[in-house]
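Student: If you want the working numbering, it's the 1-based position in the sequence shown plus 3.
Do not take every clue at face value.
[Claimed, not checked] In the PhoX-like style, the derived pairs of lysine-lysine whose C-alpha atoms are separated by at most 25 Å in a straight line are:
1. K233 x K278
2. K233 x K317
3. K200 x K244
4. K241 x K187
5. K284 x K241
6. K278 x K244
7. K317 x K288
8. K187 x K200
9. K288 x K233
10. K305 x K244
11. K291 x K241
12. K233 x K305
13. K317 x K278
14. K187 x K244
15. K288 x K305
16. K233 x K244
17. K284 x K200
18. K305 x K317
19. K288 x K244
20. K305 x K284
21. K278 x K291
22. K241 x K288
23. K278 x K241
24. K200 x K241
25. K284 x K317
26. K244 x K284
27. K291 x K305
28. K187 x K284
29. K317 x K291
Worth flagging that the hints you see were computed from the coordinates, not collected in a lab. All figures in this text were calculated on a predicted structure; none of them were measured in a lab.
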Amino acid sequence: MDEQERVKERKKRSRKRRRKKFFKGFLITVAVIVAALAAFLITVKLCKPDFDLKTLLPEKETKQVVDFVNEKLLGKTTTEPSTEPTTVTTTKPPMYDYEDFDEFAFDTSLMGNQIGNLLNGSQGAVTFSSSYIYYSIDGEGFYRFEPTSESNSAQNVDGYNFKYLNVLGDYIYFIDMNDFTLYKSQITGGDMVTVCKGVCFAYLYNDMLFTVGTDNTVSVISTGDFSQTKLYTPSAGKSVKFAGISLSRVFFVVHDNALDSDEYITVSITNPDDKRYFREKTDSKEIKSLEIEGGFMYYYQKQSDDSYNLVRQKFGSEQIVTLVENCTSTDYPVVYTNRLYYLERDAGNVTAKELNMNSGDVLDMVSASSVGENDRIGIGYGYQYVFLFGTYGGDAFYRGSCIYTSSSNDNTLVFRNGGWQY
């Protein structure tokens, strides 16, 4: 080996010794740090056994250090038995918070009534079909009103107390509130056919009747053979309020009487096992009178000052549009095309208001004065006429007005002696 090669070999061995020296020093430094950390942790554990070491290190490193200190240095066993508790877990149904708008593309000619008419204080005492308005008078039955001549005729009037009127084609469906029986008859009156007993709410679309029973069961009934499919039955202590439908699902609000809270549930019309939530659970005071009409949710939303705004929210959208601020009533509004009809209370005065949701214009339609707080008053909308139906001082109360003549006293209709009079 010549001198040049020996020099190269010496340099190689020198670099190798320096690397060993560096790594040795590094390992000694790490060992000192680990020892110091271990000593610190031992001191902490001995001085304060309950101290939570998780507050000092990330979760993974904490477990490794704690196991090292306890098992290797303190001689404690930290391994826990592998037995798991035999608890039953429940799976929350998936949220149903979005749907293509086509799912709400209804044929309005197949609707038996407006959702708001049925849910509000009028209890569906008014509906319309073609150019006729149908309405119910407590203790008598239902009548048919012809707007062009403003004449009316008695259809089935024999001491009945009909509510939740739904008209489609040649037939009208209604519930006799005396015995909670759902009936069907021709729109010209005549014999009544029993559809179902124990019903306290009904909404008709096409060939399906969506009902809520006196036992709070949600069902769908075929208008063809009256066959009934139960879609949902709440547990004890809960009640159901109908909210609306899509082309394939029914929506409703379930109120928990004990917790005073509301759940928002939707069920497939053809598959009752497909149950989902369409919005998060709320306190019952946070949202009032929610209804779904034409793919939009309308409801009263509580504000920070405890007042309520009437809002609209497209199904599947996070955007909330305020329609009316500081509402004095939270009864269900009635939606018809771009018009919304809602109640306003001011001391003893009650007014049916019309909101043009495109322009924002507001009109007074029909009003009543000296109405008590306990009097039940609701809006009924029917083919260019707006009505106030309910109780007034304990007696039945009926007033109306054409949407083209406002609510002046000279243009207010009052039902008396079997017909409407100015």
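Student: Next, verify each hint and record whether it holds.
Tutor: Quick rundown of the hints versus the structure:
1. Distance check on the hinted pair: K233 and K278 sit about 13 Å apart at the alpha-carbon level, within 25 Å; holds.
2. For the hint pairing K233 with K317, the CA-to-CA distance comes to about 28 Å; that exceeds 25 Å, so the pair is violated.
3. Restraint check for K200 and K244: satisfied, since their Cα atoms lie roughly 18 Å apart, inside the 25 Å limit.
4. Simply put, K241 and K187 have alpha-carbon atoms about 30 Å apart, too far for the 25 Å limit, and the pair is violated.
5. Among the hinted pairs, K284 with K241 is consistent with the structure: their alpha-carbon atoms are about 14 Å apart, no more than 25 Å.
6. Between the alpha carbons of K278 and K244 the distance comes to roughly 16 Å, so the proposed pair stays at or under 25 Å and holds.
7. About 21 Å separates the Cα atoms of K317 and K288, which keeps this hinted pair within 25 Å; it holds.
8. This hinted pair checks out: K187 and K200 have alpha carbons roughly 12 Å apart, not beyond 25 Å.
9. Using a Cα cut-off of 25 Å, the hinted pair K288 and K233 is violated, with the two alpha carbons roughly 29 Å apart.
10. Straight-line distance between C-alpha atoms of K305 and K244 comes to about 19 Å, which keeps the hinted pair within the 25 Å bound.
11. Among the hinted pairs, K291 with K241 is consistent with the structure: their alpha-carbon atoms are about 17 Å apart, no more than 25 Å.
12. Under the criterion of a C-alpha separation no larger than 25 Å, the hint pairing K233 with K305 is inconsistent with the structure, at around 33 Å.
13. Of the supplied pair hints, the one linking K317 and K278 holds, its CA atoms being roughly 21 Å apart against a limit of 25 Å.
14. For the proposed pair K187 and K244, the alpha carbon gap of about 23 Å is at most 25 Å, so the pair holds.
15. For a cut-off of 25 Å, the pair hint linking K288 to K305 stands: about 7 Å separates their Cα positions.
16. For the proposed pair K233 and K244, the alpha carbon gap of about 15 Å is at most 25 Å, so the pair holds.
17. Only pairs whose Cα atoms come within 25 Å are accepted, and K284 paired with K200 is rejected, the gap being roughly 31 Å.
18. Straight-line distance between C-alpha atoms of K305 and K317 comes to about 18 Å, which keeps the hinted pair within the 25 Å bound.
19. Simply put, K288 and K244 have alpha-carbon atoms about 15 Å apart, close enough for the 25 Å limit, and the pair holds.
20. With a C-alpha separation of about 15 Å, the suggested pair K305 and K284 falls inside the 25 Å cut-off, and the hint holds.
21. Simply put, K278 and K291 have alpha-carbon atoms about 22 Å apart, close enough for the 25 Å limit, and the pair holds.
22. Restraint check for K241 and K288: satisfied, since their Cα atoms lie roughly 16 Å apart, inside the 25 Å limit.
23. Between K278 and K241, the direct Cα distance comes to roughly 17 Å. Compliance with the 25 Å bound is thereby established for this hinted pair.
24. Of the pairs offered as hints, the one joining K200 and K241 holds, with about 21 Å between alpha carbons and a cut-off of 25 Å not exceeded.
25. Between K284 and K317 the alpha-carbon distance is near 18 Å, which keeps this suggested pair within the 25 Å criterion.
26. For the given pair, K244 sits about 15 Å from K284 by alpha-carbon distance, which is consistent with the 25 Å threshold.
27. Annotation: proposed proximity of K291 to K305 holds, straight-line Cα distance about 8 Å (limit 25 Å).
28. A hinted pair counts as satisfied when its Cα atoms are at most 25 Å apart, and K187 with K284 does not qualify at roughly 37 Å.
29. At most 25 Å may separate the alpha-carbon atoms for a hinted pair to count; K317 and K291 meet this at roughly 17 Å.
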